[in-house]
Amino acid sequence: MKASSQGIGSDLPALKARYPEHFAASWTKRAAVVGVVTVLSGLFLFGFWRLDFSLDRILSGIGKLGTLVLLMLPPNPGSWAKFFTFIHALAETVAIAFLGTLLAALVAFPIGLVAARNTTVNRLVQFASRRLLDGIRGIDTLIWALLWINVVGLGPFAGVLAIMTSDIGTFGKLFSEAIEAADRKPVEGIISTGGTRLHQIRFGILPQVFPVIAGQVLYFFESNTRSGTIIGIVGAGGIGLHLAEQIRTLEWQAVSFLVLLILVMVAVIDALSARLRRAIIGRSQQPPM
Amino acid sequence: MATSLPRLTDDRLAALMQAYHDAVRAKRLRSMAFVCIVIGLMFLSGWVAQVDLFKLVANFGNFFSYFDRIMTFDSGPVAGQRVWTDPAEWFWGLRKWLILLADTILIGYLGTALGAIGAFLLCFSAAANLMPNPWLRSGVKRLFEFCRTVPEIVFALIFIIAFGLGPIPGVLAIALHTMGALGKLFAEVVENIDMKSVEGSVSTGASFSQTVRFAVLPQVLSNFASYTLLRFEINVRGASVMGFVGAGGIGQDLIEAIRKFYYADVSALLLLIILTVTVIDLGTERLRHALISREERP
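Chains as they are written, first to last, in the working numbering: chain A, 1 to 289; chain B, 1001 to 1298.
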């Protein structure tokens, strides 16, 4: 044991001479790493200075935050009437997320087909639909909510439309990527039997992309129940309206109760959609008949 | 050259068709039931969410007329003209807006950086393969879950009361939410590493931090960076609406313009935000592809 470790020890300089790259990174690599880290941390410090961070503001803020958290305990809606209002708002949030996601998927699917390289009509249409999707995605859900409130007035319907529009952009992109990643062989098989373009898409591509798309839709339903909680802040329905109101009126126990409600709702929906996803993916992985 | 394939006789074909229909009938029934349930849920949630298609159809013109209005000057000597006929008038506040936009990006950057640092420090404790203590592990996991479930705007609303108006609550809210989202992703990356190098370094007597540094980090760093870049893009978008509740950035001006009906300003600000987000989207996508290809190189 001792002899062998001594052996390696005596070989070490020779090994270092033979394989220098394994003992120390080359200086260009090191310089690149140091440069990137310097620039990033420089920007970090500049950001603190530019955005008026100061130690006493942070410390006093954390102190106040501690007091707020103490005020939040125990969670308490205040009264039974409020409790039922909150539950109704929660149902509204789930409905907004469900309907918004589903409608977005229905609208985005044809756009995704047109935006995918292998199923599009022509290059120009593909390019245009890609840019359209990019533009839609650039605008946050909250901004869409403000725009839709102009059309259908305050209320949850504006929220449904807002979630729908902002998700069309994301879904269109994801769907078209899933379609582009589909295997070409089934399509070739259908061409060889004389199938038309629509047959190719229906029997060659759809069965491949459907489980992927269903998984994505479920995932977005989950994430929309989270983002559905905030669109109420601008007046587009759901629990966010009450949450913002309780924060502004400093009803801290009701705030923590609402947060707790949201956590429970998200956990339940996560569990449900995980089961559903397993069912869908499991079915697609059954051996083909 | 032309060869015709022999066609099955009709009775044999009929038997095959029958078998096919039998095979797909059960599947079709199940799909129909599924579609019916989804449609039923749709109507139920349409009722809960007060969907009013008549109102939508009646007022749908408003949607386009809104875009029409934000594309037209409504005051001054150029009133009534399209905005792009006079870019200088359209982007009259460009200097101020660019500074606000830079602030917005900085809020996104600081929030992402702080959140990523937090997630980095905690993710190894949430990974099942590195952290043997189940209490600590599930504690960290619950913390991540809480942070990513509460939307950043809600954190911002609460932080505004604690820290006062301005970009600080925005940065902290984004950081906290990012820590939750990235922490989960980071922990999953760590759980998927190759354990051989970990065993190797443990066998040489390395401590926990040394194991992480020499056996885990080289495997996960490029994935971490890729997720962080993705998050940065999301956070810049999120920072653009932080101003809606008074947490700094360009959102403050945007919501003022929307609420006070400064139509030309709305379109100018929206255009600036879309451009910024698109540029950052394309830039981070490039960087991520470079990182991933570096990962795959032997």
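A couple of the hints might just be wrong.
Simulated pairs of lysine to aspartate or glutamate, DMTMM-like, Cα-Cα distance not exceeding 25 Å [stated by the list, open to error]:
(1) B:1260 to B:1086
(2) B:1096 to A:52
(3) A:173 to B:1281
(4) A:64 to B:1068
(5) B:1184 to B:1194
(6) B:1027 to A:183
(7) B:1196 to A:52
(8) B:1096 to B:1194
(9) A:173 to B:1233
(10) B:1260 to B:1068
(11) B:1260 to A:245
Bear in mind the hints are in silico, worked out from the structure with no lab data behind them.
Going through the hints against the structure:
1. As the CA atoms of residue 1260 of chain B and residue 1086 of chain B are separated by approximately 22 Å, the hinted pair is consistent with the 25 Å bound.
2. In summary, the hint linking residue 1096 of chain B to residue 52 of chain A is supported, as the alpha carbons are separated by about 18 Å, within the 25 Å threshold.
3. For the hint linking residue 173 of chain A to residue 1281 of chain B, the alpha-carbon distance of about 13 Å falls within 25 Å, and the restraint holds.
4. For a cut-off of 25 Å, the pair hint linking residue 64 of chain A to residue 1068 of chain B is broken: about 46 Å separates their Cα positions.
5. Distance restraint check for residue 1184 of chain B and residue 1194 of chain B: the Cα-Cα separation of roughly 19 Å lies within the 25 Å cut-off, and the hinted pair is therefore satisfied.
6. The straight-line distance between the Cα atoms of residue 1027 of chain B and residue 183 of chain A is roughly 23 Å, inside the 25 Å bound, and the hint therefore holds.
7. Proposed proximity of residue 1196 of chain B and residue 52 of chain A is contradicted: the alpha carbons are some 47 Å apart, above 25 Å.
8. The suggested pairing of residue 1096 of chain B with residue 1194 of chain B is violated, with an alpha-carbon distance near 51 Å, which exceeds 25 Å.
9. A C-alpha spacing of about 16 Å is found between residue 173 of chain A and residue 1233 of chain B, which places the hinted pair at or below 25 Å, so the restraint holds.
10. Distance hint between residue 1260 of chain B and residue 1068 of chain B is fulfilled; the C-alpha atoms sit about 17 Å from each other, no more than 25 Å.
11. Between residue 1260 of chain B and residue 245 of chain A the alpha-carbon distance is near 22 Å, which keeps this suggested pair within the 25 Å criterion.
Checked against the numbered hints listed earlier, the structure breaks hints 4, 7 and 8; every other hint is satisfied.
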